[in-house]
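Residue numbers (the numbering used here), protein chains in the order written: chain B, 1 to 283; chain Z, 1 to 282.
Check the hints yourself; a few may be wrong.
Derived lysine-lysine pairs resembling DSS-like cross-links, with alpha carbons at most 30 angstroms apart [said to hold, decoys possible]: (1) Lys36(Z) with Lys15(Z); (2) Lys30(B) with Lys15(Z); (3) Lys15(Z) with Lys59(B); (4) Lys59(B) with Lys194(B); (5) Lys103(Z) with Lys36(Z); (6) Lys257(B) with Lys30(B).
It is worth saying that the hints were derived from the structure and are not from the lab.
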Amino acid sequence: MKPELEKALRVNAPFTTSVLEGFIRDEVQKVGFQRVVFGLSGGIDSALSAYLATGALGKDAVHAVMMPYRTSSQASLDDAMEVVDDLGIGYTVVDISGPVDAYFDAMDERLEKKASNLRRGNRMARERMSTLYDLSAERNALVVGTSNKTELLLGYGTQFGDMASALNPIGDLYKSQVRQLSAHVGVPRSILDKAPSADLWEDQTDEKELGFSYDDADEILYQWVDVRLSPDEIVERGYDRRLVEHIVTRVQRNQYKRRPPIIAKLSSRTIGIDFRYLRDWGV
Amino acid sequence: MSHVQTIALAQIAPKLGDVAANLACHRQYIAEAVAKQADVIVFPELGLTGYQLQDLTFNVARTLQHDDIVALVNASREIDVIFSFIEESDEHFFYVTGVYAAKGEIVHVHRKVYLPTYGMFDENRYVTSGSQVQPFRTEHGTAGMLICEDAWHVSVPYLHAMQGATMLYVPASSPGRNVMDEHDFGSHTFWRQLLQMYAQLFGTHIVFVNRVGYEDGVHFYGSSGVVGPEGRWLGEAGTSREALVTVTIDHRDVRRARYITPLVRDERLELTLNHLAKIQRK
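This is chain Z alone, in the form it adopts within the complex:
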């Protein structure tokens, strides 16, 4: 296993409901990332479909066996690919799903666990929440996937870290809210603080890929980036514009960080479990 890994952040502006156009865009970015010798390319949440789908959910949903999905999985022969779409299960339930594909195979499927249904968000009206937080093996170690709102619940990165993840991938479709604020724009500030803190607390690299573009006036601000286990940003894709940015990380940073500050090692799972059991009994 190589210590260094080059990650391509595909900060795209998906076209609402146009899977064919988005698929073509994915293929083009994959080809460019291969040319840049990246090891993995990460697309944003619902990059194949657009975000505010509402009743389009029914039309854009794809099973894992659908030709469009198979085509993207096949495109992972030269580079690992993380992509996201509306998955339709055999029982015709709909999920916000992220796939990790490598060497032409699906390595892992993560179904978004936390579906924001408040304020401007309406996800749970259309899709079902996933029920698994399961890290997976990659060529560069154990990774966990969190789709957008999943990362706003501390239990999800915690469960990934406790199951061995040293790398977290966060595809997102995060709109700018409270963007007028003089110093920064609301949700962006929160995201940055959150990811820096998680990276330090859980001793991991975190890859955040947020989309750009507008949907009915809602602005997705991008600002994708990679934060290291010391809480430092190692590379960023900039605000509001489409970009393909590569960031090379060194996994020995995790080794050092976890030796110097062994928070994950010292975590007392038994204590947490006992308390959770007590809380559940109440």
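Okay, chain B solo, but in the shape it has when bound:
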């Protein structure tokens, strides 16, 4: 990373942590909840959310759900267990292989073809979401999101799958900032050091699948989104034009994933258009 960008992306870790813990406490408790659940994959994003949620609400109010598929690596589950042990929080392991395989066994037969990795990955993400929301109802807890700003912008996630949550403490942190904050809150070294992976199939890594590094993405996204440089200005600063354009296009093409479904306007007041209230309305 360029030194000046590394400096610009450096976080005030103690203050940011206190703001995010306050956010979780406030937004959970004011809607009448005390507890949260979240998917804990063994990766850095969900580990950070786990530490923040525990800092905010205390370990008894936080419940982790590990949802491996049969091809998920044992190392991921081990890493998740290390987080659970370190924090002393409750957890549930739910193997999603059964329902996912049952679905594709039937659907592959009906469509007479084998489902793509994309469809399989999306189904797994939504199976996990579905499990989390069920457990959230069972435990009277809200679902905490674990998507960071880089992947939300890139659309590197499944709509209504891993992108679904009631509140997301880390959605305004770029991946490199997630790493800094994770180191600050005490996420185990093995998680900090490993290559990020959605762990949807064997040997998957995010950067291999994306075709560029998170550092490159963070540098370009920060300058385009936060500093409001144009793509041309970013290229002038020494970045590969194809990469800049690819990233910008990805962000635009995935805007739909970040928005609620659009509604056709007919009446004088339409939800999301001119019926405007915060979600905190009435709580």
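With chain B held as given, fit chain Z onto it using these hints.
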């Protein structure tokens, strides 16, 4: 007139749209400030309503004669009170208003002049901007009120100072933006520099009261405080947490500062006016 004045900074977290709850909170803080023998208590911008009201503006608006407002004005019998809400005028225009009440009467009404409508802010969509920058007399001298963004326009403290204000009150609802910055958090740094500079340039005390709490993930960071005419912070309420902090100031500091560095005295109003007239003619 006493030289010293004790100011209570009411760094509260208003409940969005719940005027009754916020009114109760105001009353409680007023009682505590009275117990602490404060002379004046200052609440943040839109302390009675919450900040990101959007279409709730229509529901929470109160006229100056509304029972809720009268109740708060009545609560100013033992202590001066600065509070803020959405004011509805007789012609049904809506304003972000701050009231200075003392001895059970309204002393002054300031309608926010500069309504941020950019970035995350959308004020001008819902409310009308005020058109007066008018200081007012209090028991402790002449004061001016600036509501949040008013203070980001140098003309407003300038006009107050040129009309005799030796004290500036700044109720605010300032959200943390760029909070990740390693050394400080964006808007907070700017506020601190701004207020220190104004206090020195205009030879006044400045009372900054910012709210705390969250609205849909937006974090209001507090950091209320009083800065003296030498640019020093005389008392602070801390970051992010609700607090009632009293700060005692000495108005003789203004006298000294204005004698040592007579910037307000030496200000050439005529020169400024001539130039402004020329600019307007262009």
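When the hints from earlier in the document are held up against this structure, which numbers fail? Checked against the structure, no hint fails, so every one of them is satisfied.
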